[in-house]
Amino acid sequence: MIHTIYIEEEAADHPRAEQICSRFPNADRVFIRRYGEIFNRNGQSFRLQKKRPALILARKFGRFVLPAPNGYGIGGRRNFYFSHMLNCVYDCRYCFLQGMYRSAHYVLFVNYEDFEKAIEAKLEESPGKETYFFSGYDCDSLALEPVTRFVESIYPFFAKHPDAWIELRTKSTQVKSLLEADPLRNCVVAFSLTPEPTSNALEHKVPPLQQRLAAMEALQARGWKLGLRFDPMILTEDFHRQYRQLFAEVFERLRADRLHSVSVGPFRLPRTYFDAMTRLYPEEPLFAGPVEARGRMVSYKKRKEEEMMSFCVRELLPYVSEEIFFPAEIDGID
Amino acid sequence: MARGEGLVIRLVVALPVEAKPLIAHFQLERAGEARGFEIYEKEGISLVVSGIGKTAAAAATAYLQAWTGNQPNAAWINVGMAGHRDLLLGEGILGDRITDRATGEAWYPPPVIEAPCPRAPLMTVDRVEEAFAEEWVFEMEAAGFYPSACRFASAELVQCYKIISDNASVPPRWLSRRQVDELIEARLPEIDAVVQETARLAGELAASSKEPLEMQTLLNRWHFTSTERHRLHRLLQRWQVLAPDRDLLDSELARRKTGKDVLGLIQARIESLPVRLL
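Chains as they are written, first to last, in our numbering: chain L, -16 to 317; chain P, 487 to 764.
Hints are computed from structural coordinates only; laboratory data are not their basis.
Accuracy of the hints is not assured; some may be wrong.
[Stated by the list, open to error] Footprint (simulated), chain P over chain L, 3 or more residues, beta carbon under 8 Å:
#1 -14 to -3
#2 24 to 38
#3 212 to 219
#4 263 to 269
Note that CB positions come from ideal geometry on N, CA and C, so glycine has one too.
Work the whole structure out from these sequences, hints included.
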C-alpha cells in the first residue's frame, strides 16, 4: 500500500518512524529536510498524486491544538481540533482537503507525545471543565490505524483525563484496536454517512456501507459511544428516498438510545477550495450541479439547503432524541 | 511505443550520442529550423540535445518549451548517463531526489508512476565524478532540467531516468560512443515504460483541461468579455457533464442577442437538469 516513505531528518530517529518504516520493508525511503520540501509545493497535482500517494513521516513543531471551526461542536463549550495526520487514504470527491492542499501524500506527525502535552495544556487552562478534541479534521481518524497506531497510543492519555473528550471521526472499518480495548467514557467514535448510491458515486476507496454498519454495531455492542454524522448532505434527484432509506437502515442496526450524538450538515466549501476542486475534476457531476456562491462559501442554494435540512431533521427526530441531535445552522454559513 | 494517441512527450538529452538511439526508437526527425539546440520531433514527441551540464539542460528545456508552442500538460523526461560507486553498468535508475551539489538545493520528483526500475537519489555535479565518495547516482543535468521543466508541467509529469555508465571500477573516461549506444539500446523498454506512464498521466490532465466542444462556436458568434468567457467555459463544462447527449446549440439559443443572454439561457437550462451523480 505504501510504496514510498519520505522521512524528515528530524523524525528519522523517532521510534515511531522506525516502527512504521519496518512495516514497509520494500518501500523506497527518501530522506528530506522538512516535509514542506515535498508537501504542498506549487506546481503539483493533487489529482495525479492521489493515484499513488506517498507517506511522509515528519515531526510537528507548535500549533498542535487549534480552536475547532464554528459548527463543529457536539454539545460541548470548549472545542478544539488537532491533526496528527494531513490527508486521507480515501478519495471522497466532496472533501475539502482536495481544495486545501496541492499534495495528496499523507503527512504523519510522529511525535504524538507533543500532541498530548498540548492537549494537557488546554485542559489546564480550564481545570475540571469538559473540553472536546476533534481528531478527524484533516484526516480520517482510524483509516490508517494499523500503520499509525495513533488511537492505541493516545488511549492511555484520554483514559487518565476524563474531562478531555475525544472524537474519532471516520469512514473506516479499522476498529480492531478499539474492540480489543475497554471503551472509554470520554471517547466518541463518529461515523460520517451518506446514502449508499451517493457513497458509491463519491466516496472512492471507502468501505461499503454495510461493512461500516457492521463495524459500528460491533463497537456499540462492545460499549463504545458512537456518533452519527450525516455530513455532508448530498443532493440527488431521489434525495428523499435515499436518505429515508439510509436512516431506516442505520437505526435498524444501531440502538439510538445508546448513541452519543447525531449531527447533520450541508455540503459547503470555501469558494477558493471549491474552485480548486472544480479545476481538478471538471467532469465531476457533483461540481457541475446546482451550487451557488454565498459570501466566501459555496453550497446548494439556500432554499434547497433548508429544504434538505428540514427533511433530514424531520426524518431523524423519530429515531433520535433532541438532546443528542445537532443539526447545523444553515444561517451560520458565510 | 504507441503513437498517434495525442500524447505530448518532451525528452531532454545531453549528448548526440545519447540522443541517437532514442531518435531511432521514436523515429524522430530533425527540425531543421531550430537554432541554438538540435531538436528532433514527430507526432507529439520532441527531443532536444542540450549539451553537458545543468545550465545547458535548463536552457534547452526552456527552449524546447518555447519551440513546441508553450503546450501545457506534456510529459518531460531527462534521459542520460550517470555514475555510481557500486551499481552495475547498464542499470536504469529513476531519480527520487535531485540534489545540486553546488547549491545544496534539492527537488523530489513525485513517485506517481510505477517505476520499471529502482529509484535512487541523484546528485548533479558540475564536473565528472570519479571519487564516488557517497552513495549517490552522480550526473550533470538533472538539477538544471528538473526545476526548469517544472515551470511548464506539473511536477508529477517531470522525471529523470539515468543509466549507470561508470562506477568505481570502470571510470567514465573508459566509456566509448558505442558503449553509450548499447547501454541506452538495452534500456529502451524501460525508457519507453517511463515515457508512456508519464505521458498517460499528462493525458489525464490534458483531458480535464480540454476546451468544451461548443466553446469556439459560441465565441465566434457572440461577444463575451473576459469574465464572461470564463463563465461560459465552466457552464459548457457543466453542460457536457450533466447533459452529454443533449444538443445545446438550438434555435432558442440562436435567437439570443448578446453573450450575456446566452450565458443566462445556458445557466437556466443547467439548473433545470436533474441532479445525478453518476
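Each hint, compared with the structure:
1. -14 to -3: holds (count 3)
2. 24 to 38: Held - the region 24 to 38 of chain L has 10 residues with a Cβ nearer than 8 Å to chain P, which meets the minimum of three.
3. 212 to 219: Result for this restraint: holds, n = 3.
4. 263 to 269: The restraint on the region 263 to 269 of chain L holds, since 7 of its residues have a Cβ under 8 Å from chain P and three suffice.
Checked against the numbered hints given earlier, the structure satisfies every one of them.
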